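Participant: These protein sequence lines map, in sequence, to chains A and B.
By my numbering, the letter at position 123 of the first sequence is numbered 123, and the numbering carries on one by one without gaps.
By my numbering, the letter at position 47 of the second sequence is numbered 47, and the numbering carries on one by one without gaps.
If you're looking for bench data, these hints aren't it; they were derived computationally from the structure.
Where hints are given, some of them may not hold.
Partial chain A-side listing against chain B, Cβ under 8 Å, derived [stated by the list, open to error]: (1) N41; (2) T51; (3) P92; (4) P94; (5) V96; (6) S106.
Some residues of chain B that are not near chain A, with every Cβ distance over 12 Å (derived) [what the hints assert, rightly or not]: (7) F86; (8) R158; (9) T296; (10) G306.
Owing to the predicted nature of the structure, the values given are computational and were not obtained by experimental measurement.
A virtual CB, placed ideally from N, CA and C, is assigned to each residue, including glycine.
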Amino acid sequence: MSADRGDPGGRVPLAGVENSYSAERPVARRDGIRRARRMSNWSAAALIVGTGAAAVALAHQAVPATAPAAGPAVSGSQAAAPAAGAAAPGTPGPQVRHSVATTSASGVTTTTTRTVNGTTVVTRTAPARGDD
Amino acid sequence: MTTVTGVSGPAAAASWQPVLSGEDAVAAAERAALGTSARVVVWPPGNLEAACAAADEVLGALDRQASRFRPDSELSAVHRAGGGLFLLSDGLAGAVGVALAAARWTGGLADPTVGGAVIGLGYDRDFAALGLNPGGPPAEPVPAPGWYRVRLDGPLLRLPAGIRLDLGATAKGVGADRTVRAVMAAAGPEGGVLVSLGGDIAVGGTAPRGGWPVTVAERPGRGDAPGSQLIRLAGGAVATSSVTCRRWRRGGRELHHIVDPRTGLPADGPWRTVSVAARTCADANAAATAAIVAGTQAEGWLAAAGVPARLVGHDGQVRRLGGWPAADGQPLPVTWGSHVYAGGLR
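I would like the entire structure built from these sequences, with the hints used as guidance.
Facilitator: See below:
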């Protein structure tokens, strides 16, 4: 271990390399340490920047600008190909002026089915008592 | 009022009726579902057929899982067992999980263990059938046993004996959320969809410019009534709870379906209708019901929850909170994140 502290300790210099353990060695060593620190700082900075960029990219993927619906995954049969007449990618929404739905107390509707002379009759009942 | 709306083949019970919205850029259809009406609106119009098929699958499954009125539903089978440990389907486990999360979020104002109290008041069958069998006076009010007594670990439900679940405060919202997701999966990533389930509305995909135009009203089909408002919904959801509908009489008393879990009686606060906008329809549904139950505390609770809300008092006065727009045609601000779906948003 003493060899690490400036004493050649019986080591044989390589041919063509003179005075490898000269008095300048501590200076060179400090320069090396500084260089290593600089490299380390740059690496740490690059790592932080990279991690931040990755987090931002993932966040954008996880929460798209338009609202995804909540609920469990749908079955494979529902994951069908786009229907005919699908909009081109990136198409902005259409202009819609009139109300298309109403948020309100839930109305009551029930559907019953019966067969009359072999024909299915669908009866829709609304509103029920107390719901008018 | 009873009307025959269609005569067709065996599958007609689930038939969709086209809705004329006056807009060529979108297509809409409506059908009865879950004891109320479901409406699907899509753009481009060519997506409607796929959207309706996807909605059928989701709403049919939810009815078989979570209806307390169908004797063959999974929830009815759980109730018949009289308590114990149950392995639920993913669909019912998800719906119960949302209901319990909503109860936790609302401090028990929207509590799924209110089922026994609701039945005691006479709401023990599909609402459309209530008027045919008025029955006798209501039973003594029974406070809800408490959502915290119900344990759900993944698909495993531990339900103490005597507790009956009513998922009414969140089920329509869950149904609308699931339907939007299913429609987007079926119709492809482009275009947009609006799903209304009994007036609780969720949207997905790309909204029309400025957002989907939606009327806020107290009663279904009364969008042109005084006091209604037009808003625009570009994302998320909006839901309304009201004591003005689903009312019935028992023993000379007029009752309604929003029951205060603390008393087992119909909520009797100062607000008759509350609309809430949120990231998901289940969140909006739960918050609107909680606000009705909260009564005089509703404004404080909604403000703390940070959700835009519109409250209508019994005197007709309107109060807006959390950035709910005052003028017609303005977009609804929707907050991020969900309080009722695991992971914030599912």
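Participant: Compare the structure with each hint and give your call.
Facilitator: Here is how each hint holds up against the structure:
no.: 1; hint: N41; in the structure: violated, 36 Å
no.: 2; hint: T51; in the structure: violated, 21 Å
no.: 3; hint: P92; in the structure: holds, 6 Å
no.: 4; hint: P94; in the structure: holds, 3 Å
no.: 5; hint: V96; in the structure: holds, 4 Å
no.: 6; hint: S106; in the structure: holds, 3 Å
no.: 7; hint: F86; in the structure: holds, 18 Å
no.: 8; hint: R158; in the structure: holds, 21 Å
no.: 9; hint: T296; in the structure: holds, 21 Å
no.: 10; hint: G306; in the structure: holds, 17 Å
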